[in-house]
Amino acid sequence: MRTIRIGSGAGYSGDRIEPAVELAEKGDIQYLVFECLGERTVALAQQARMKNPDGGYDPLLEERMRAVLPICVPRGIKIVTNMGAANPVAAARKTAEIARSLGLASLKIAAVIGDDVLDACKDGDLEIMEFDGTIKQLGNRLLSANAYLGAEPIAEALTAGADIVITGRASDPALFLAPMIHAFGWAMDDWNLLGQGTVAGHLLECAGQITGGYFADPGYKDIPDLARLGFPIGEVGEDGSLVITKVAGSGGAVTAQTCKEQLLYEVHDPKRYIQPDVVADFSQVTVEEIAADRVRVSGGRGTKRSDTLKVSVGYVDSFIGEGQISYAGPGALARGRLALDIIRERLKLTGVASSELRFELVGVESLHGAEVSARAMPNEPYEVRVRVAGRTENLREAIRIGNEVETLYTNGPAAGGGAWKSARDVVAVASVLLPRELAKPSIQFVGRE
Amino acid sequence: MTKLREIAHSRTGDKGNTSNISVIAYDAKHYPLLLAQVTSERVRAHFAGVVEGEVVRYELPNIAALNFVMAGALGGGVTRSLALDAHGKSLSSALLDLEIDAAPDNE
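Order-wise, the sequence lines are chains A and B.
Residues are numbered in my numbering as their position in the first sequence, beginning at 1, plus a constant of 23.
Residues are numbered in my numbering as their position in the second sequence, beginning at 1, plus a constant of 125.
Errors might be hidden in some of the hints.
[As the list claims (entries may be wrong)] Pairs of lysine-lysine residues, derived as BS3-like cross-links and limited to a Cα-Cα distance of at most 30 Å, are as follows:
#1 K154/B x K145/A
#2 K214/B x K128/B
#3 K140/B x K159/A
#4 K145/A x K140/B
#5 K128/B x K131/A
#6 K333/A x K140/B
#7 K444/A x K140/B
#8 K463/A x K128/B
#9 K159/A x K128/B
#10 K154/B x K244/A
#11 K463/A x K214/B
#12 K463/A x K154/B
No lab work stands behind these hints: they were computed from the structure.
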């Protein structure tokens, strides 16, 4: 049976680079996938592109490509990535330029375009899924609208001979599903195979999260050598059989436990994991350790894909102002609470306009709120950090929140130190469902034809 | 009594304003305990002050796991939340503090 090995070289845009180099050098892989595009990253990239028409792709593209191209090209390892962000064509041109500068033989580089559906959406009545309203009502706050494309255009680019395929918004598992469709000629309506391929893609897409990252809990779940965490390899057979593994000698571990945690990561109804190419069903999946750092994952299934594509809509939501300051030693908790009371009153007295405020003590209750925290931690901490954050309509008001916290230095409780403040605009994302036929993906080759 | 942490591990994921937490038995023999005691109602009560919406439980007997989907759990959504942990990644650890009515297992 034919088998391919796909390496996962990044789980998010800022991820470590050496594990990808290690995969390319020692992983015996045919495909290296970089998933680098978070939910709101396209919207931020769109803003960057508005300032610079040649920009708007992943800021680490150059560093990653320079690190892996000299290894991948001689070995014939194909690269698939969504580092194109808001400008896949510019990213492809940049990659061609990097390859030339490295003296590498001319590469066939494909950009997948058509995920940008802003024009098709912006004046429409598509309803926003997260809150009441339509895209049109976002008015001039609307920044971007990008459809989650499926595996088809990526697989087509590979079949047309692309060495590197660069996309913008595409579903994360689809980046991995595409090499399987290309290598094995899977039919785009073989729902069970596409479902099992989606299991593979989903397990691999967060890179280190299946090899022991986001997992270790000393005494309960110990993982060796996290500083040298190896990234995962999916060994996929043409019948969809799947083994998750990693480079021998790298840090981390692939176990039934790491695979189960990642299987359910960001999943809602496990019977209906909705993807552009298939509605995957994870409910019958089984996980079996067959050797050290080798886990077989079977039983993914699927049903027919939906008639709509999820579109990620980026918009200017609000501004957030924040301030922090620390107290320590005997009475730290009481001084921290006094500081919060002072800021509460000050924001009222000085008339700072905000729609939402948060007052908390870091080290006491900031992560899970007063109720959960009080139940779990009865003792007084040695040090606390006051944190106040507020949502405002403009930057000027946001700045005032952090300033009020800073004034505690000379106006607040005794011995407050390490004040810090920030004010920023918030680009948020929401979702709409777009009739599938309104997104028209296509492929543009850059470099050698 | 014991803590959920003694019999299960857990991971949090985020989508918009919804958080999901998996609860996975270390040993499949404890799956019935999870089914009986880690209910949507208890999880919702455990996260009082954090989760504003509904909590829905999905069961995965093949991997001895439960998946809790908690609406309104992320301060209005990951990309706009005022919270320090906007993704709610730390929520799984809080859930493992849940009390389970069972003898500690020393096997």
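### Query
If you draw a straight line from the CA of K159/A to the CA of K128/B, is it 30 Å or shorter?
49 Å, violated
### Task
With a cut-off of 30 Å on the C-alpha distance, tell me whether K333/A and K140/B pass.
13 Å, holds
### Message
For a C-alpha distance cap of 30 Å, please report whether K154/B and K145/A respect it.
### Response
The given pair, whose Cα atoms are some 53 Å apart, is violated under the 30 Å limit.
### Task
Would you check the hint for K140/B and K159/A, treating anything up to 30 Å between C-alpha atoms as holding?
23 Å, holds
### Message
So if I understand the rule, the pair passes when the alpha-carbon distance is 30 Å or less; does K444/A with K140/B pass?
### Response
28 Å, holds
### Given hint K131/A paired with K128/B - CA-CA distance at most 30 Å
56 Å, violated
### Query
Has the given pair, K463/A with K128/B, been kept, meaning a C-alpha gap of at most 30 Å?
Not OK: K463/A and K128/B at ~52 Å, beyond 30 Å, violated.
### Task
For the pair supplied as a hint, K154/B and K244/A, confirm whether the alpha-carbon distance does not exceed 30 Å.
19 Å, holds
### Query
Holds or violated: are the alpha carbons of K463/A and K214/B at most 30 Å from each other?
Not satisfied, since the Cα-Cα distance of roughly 35 Å exceeds 30 Å.
### 30 Å limit on alpha-carbon distance, applied to hinted pair K463/A and K154/B
50 Å, violated
### Task
Take a quick look at whether K145/A and K140/B sit within 30 Å of each other, Cα to Cα.
23 Å, holds
### Query
CA of K214/B to CA of K128/B, is that 30 Å or under?
20 Å, holds
Hints 1, 5, 8, 9, 11 and 12 from the list above are not met by this structure, while the remaining hints are.
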